[in-house]
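**Q** In this text, residue positions in the sequence shown follow the numbering used here: the first is 1, and each later residue adds one.
In short, the hints are calculated from the structure, not lab data. Mixed in with the good hints, there may be bad ones.
Stated by the list, open to error - Listed next, the in silico DSBU-like pairs over lysine-lysine satisfying Cα-Cα at most 35 Å (straight line): (1) Lys196 x Lys207; (2) Lys244 x Lys191; (3) Lys244 x Lys196; (4) Lys244 x Lys207; (5) Lys226 x Lys196.
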Amino acid sequence: MKSSSTFFFFTVVSVILFFSNSAFAQGLANDENTGAISLTPNINCTPTIGTTLNATASAVPVCTGSAEDDVWYSFTVTATSLNITVVGIATFDPVVEVLSGNPSNLTSINCTNVTAAGGTETVCINGLTVGVSYWIRVYDFQSFPQPVPDFTICVTNCNGVGVEQLLADNFSISPNPCTSQTTISFSEEQKYTTIKLTNLLGECLLKSPSLRGGREQLLDLSGLSKGIYFVKIEDENKNIVIKKLILQ
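All chains should be modelled from the sequences, with the hints used to inform the complete structure.
**A** The following block contains the structure:
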């Protein structure tokens, strides 16, 4: 006969395993097109951080590469031509597919994979119908899991400023990688700029006071664990740019 303590132990373990398996089974909210995350088109790129961690394959036919880890986004058209920009982080090699229709009957209208690991995929879609919703599927081209299964995505006007240009023009991070401190440097004096440091889940870990009239901001990272983070910059016009920071 089992003792009460043994029975309690196995009961607790069973409950933990049940909830762990349930959480794993649920996966990402946007693992299927029915749970697509809505993106808002803007004049300039406002990157949204995405991940394919724990994503599973969808029933939609693959346009190129291996889509065993695809995730889904949607957007409602605000102009007849819109630009989708996806930036792979580290070794992530993004495939970007744009589809029309409804979740149960989708038609592929564009599939792009012209860069490699860590590349930027940009596609301008013309002839869109204002007010109609379209779908975006993102996945890594390779058939094996990536150590950093993450990317950023945004939708802009086709004549808007892309994320890479914004990052290059607005600020730099040095040193990067760093060990305990790094400096954010701007190409011109800032009027009202905030700097946030987030983790891969988008959680804010550090927020600096608003930078007014200066061009540099020192970040003290001594209390953080080694890993990959994101520096998120928001200027006085509410433009947002994001850049990767590696802490060694």
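**Q** Checking each numbered hint in turn, tell me which of them this model violates, lowest number first.
**A** Result: no hint breaks.
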